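Q: Protein chains in written order, with the numbering used here: chain A, 1 to 374; chain B, 1001 to 1238.
Rather than coming from a laboratory, the hints here were simulated on the basis of the structure. Incorrect hints may have been included.
[Stated by the list, open to error] Each computed DSSO-like pair below joins lysine-lysine, with the alpha-carbon atoms no more than 30 angstroms apart:
#, chain 1, residue 1, chain 2, residue 2
1, A, Lys186, B, Lys1174
2, A, Lys229, B, Lys1116
3, A, Lys352, B, Lys1116
4, A, Lys50, A, Lys15
[Claimed, not checked] Derived, one-sided and incomplete: chain A residues facing chain B with beta-carbon distance under 8 angstroms:
#, residue
5, Ala214
6, Leu217
7, Tyr309
8, His311
9, Ala335
In this text, all values refer to a predicted model and were calculated from it rather than measured experimentally. Every residue, glycine too, gets a C-beta built ideally from N, C-alpha and C.
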Amino acid sequence: MSGRSPTIWQAMQAKGYTRRDFLQFCTVAATLSGIQLSGLGKVVHAFETKSRPPVVWLHFQECTCCSESFIRSSHPIVADILLDYLSLDYTETLQAAAGHQAEKSYHDTITKYPGQYILLVEGSVPMKDDGIYCMIGGRSSEEILREAAKDAAAVIAWGSCASNGCIQSAKPNPTNATPIHKIISKPVINVPGCPPIADVMTGVVAHLLVFGRAPELDSQGRPKEFYSKRVHDTCYRRPFYDAGLFVESWDDDAARQGYCLYKMGCRGPTTYNACSVTKWNGGVSYPIQSGHGCIGCSEAGFWDNGPFYQHLPAFPGFGIESTADTIGAVAGAAALGGVAAHLVLTNVRKRKLINIDTKVPASEVPQNKEGGDQ
Amino acid sequence: MAKSKEAMVDISASPRIHTYDRVYVWQLPVRNYHWINAICMVLLIPTGYIIGNPQAVFSANEPYQQYWFGIVRFTHFASAFVFFFNLLFRVYWAFVGNRFSRWNNYVLLKKEQWRKLIEVVTVDILQLRLTRVMGRGHNPLAALSYFALFLLSIFQVVTGFALYAGMSTWWLPKLFTWVVPLMGGDMAVRQWHHLAMWGFIIFTIFHVYIVFYHDYVEGRGTTSAMISGWEFERKDDV
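Next up, chain A with everything else stripped away, as it sits in the complex (with noise of 0.2 angstroms):
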């Protein structure tokens, strides 16, 4: 059963794409993978003689919009050839077909090109009751996704829901939402965020397509060359945060400064994305430079970190208000106060020992020589 499809070129080529698209495409791969001008020769020679991958997008319990990003790419040509015309062969919510015809289009990839498909996956798998929360053609999430991650030559994660579970894991996570790679044993590419950052998105699928293998990733499975700062170590607000300039309320004077928002409850410090490198819609913007601090969406467990406006976040357990420092000045507190109780305790109950050099009963006076005192 098993098949080789054409190569990237035959396939444009069939799709009506000029050899100058073909090579605008080749190039804009190439710096989406980091690979400099000189490389581009090799890149060329990748795309003429590579076999084109299929893929496979499935949609599980997600909002799709980690596909509404992708499709947003700032380098449109690279979305439209991935997406539109190249390989995509089967998902749900871009494709022409539906019903049968569709599960047909899944089926033949899958069993057509074992070791060589693409399987992208966006959206967690609910595990709780035999996964009758999310079921696609009459079959669970759970059943399709390591059926499809069986023969898949790469498996990516779009998003927080397939990288860390996003909202719908969050505490009750009701219907157990998992991520994906903690449910096939292959090696999955995350690329969290919610949703990630479109042009992360088809970088990562650049650097699969020209070197044929994952990019670097770091030990959340992450890719480095996107995920391995803070949206804090490259922020434009971070001079203001080293001079200790920060907001202290939305409506300050600091606010209108352009301060950083590290005291609003910003979650650059603690969120590894390139947000601020990159930025959203074409390079227009990101949220902290829109006066909105960052959310950390791209993080494990985010909606649990709240609430978004403070910096610690809310100590389960102690109500919503309390943080790590309201507990500890309050055991603080009350160690001060038992301290204080035993000082008390001290000098009453044992002040015959403390005084046992100083007053004595007169019928024990000593003489001035060495003398026990018990």
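Using the hints, position chain B against chain A.
A: Relative to the frame of chain A, chain B by itself:
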């Protein structure tokens, strides 16, 4: 002891003479460790707190005119490194130092240590019995609190390096990157690192108080022993 009705006489002008043994308890490396550790904590706790909750003190100035928050953070990181290597040294010394600084003082494995621990609690903490528990070096309760502090320090070092790794190129902090996914993200690590700070504050309250208490009640130089190394032991007490 005398009957309660008998008159008390002030003898402080001509005190009783006691004979003391001078016991060398804390070796110089132990004392160095103690004070370096104390200084580090005095630096780390306020700077750490300020990092978590900075005050807007110079908001009229432009950022290029100042760097105070950067200096606070630098102080925190620099003293954290000193704190860490000092701690490592103390672990080494727990195996080569004298018997008062050895590891088996802090890990209570002997029945005798637990018996004594209960005695210390009844005599010094609850004060149910009005005697004194005399002994050289740490009593088991104190030793237990230092072991707890040691574990807390390890926790603080691990979470601290995990938070620091993102802005470091050195392999040492990078050894701790696994902590972040384990605890569920940088935000959670920050939370626990912050909460553990209060552990150090509360330890310090108890520690300083109880040292003063022992000196006050027993009068044998518990406080100065950490400066000189010598403890005094009254011959008629032992």
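Q: With chain B as the partner, please determine if A:Leu217 meets the hint condition of a C-beta pair closer than 8 angstroms.
A: violated, 12 angstroms
Q: With a cut-off of 8 angstroms, does the beta carbon of A:His311 approach a beta carbon of chain B closely enough for the hint to hold?
A: holds, 7 angstroms
Q: Answer holds if the nearest beta-carbon of chain B is closer than 8 angstroms to that of A:Ala214; otherwise answer violated.
A: With a minimum Cβ separation of about 18 angstroms from chain B (threshold 8 angstroms), the hint on A:Ala214 is violated.
Q: Checking one constraint from the list: CA of A:Lys352 to CA of B:Lys1116, max 30 angstroms. Satisfied?
A: Distance of about 23 angstroms is within 30 angstroms: holds.
Q: Against the 30 angstroms threshold, does the CA-CA distance of A:Lys186 and B:Lys1174 hold or violate the hint?
A: Holds, at roughly 25 angstroms.
Q: At a threshold of 8 angstroms, is the proposed contact between A:Tyr309 and chain B supported by beta-carbon distances?
A: Nearest chain B Cβ about 14 angstroms off; hint violated.
Q: Please verify whether A:Lys229 and B:Lys1116 have alpha carbons no more than 30 angstroms apart.
A: Violated, at roughly 53 angstroms.
Q: Is the straight-line distance between the alpha-carbon of A:Lys50 and that of A:Lys15 30 angstroms or less?
A: holds, 17 angstroms
Q: A:Ala335 was flagged as interface toward chain B. Is the shortest Cβ-Cβ separation under 8 angstroms?
A: holds, 5 angstroms
Checked against the numbered hints given earlier, the structure breaks hints 2, 5, 6, 7 and satisfies all the rest.
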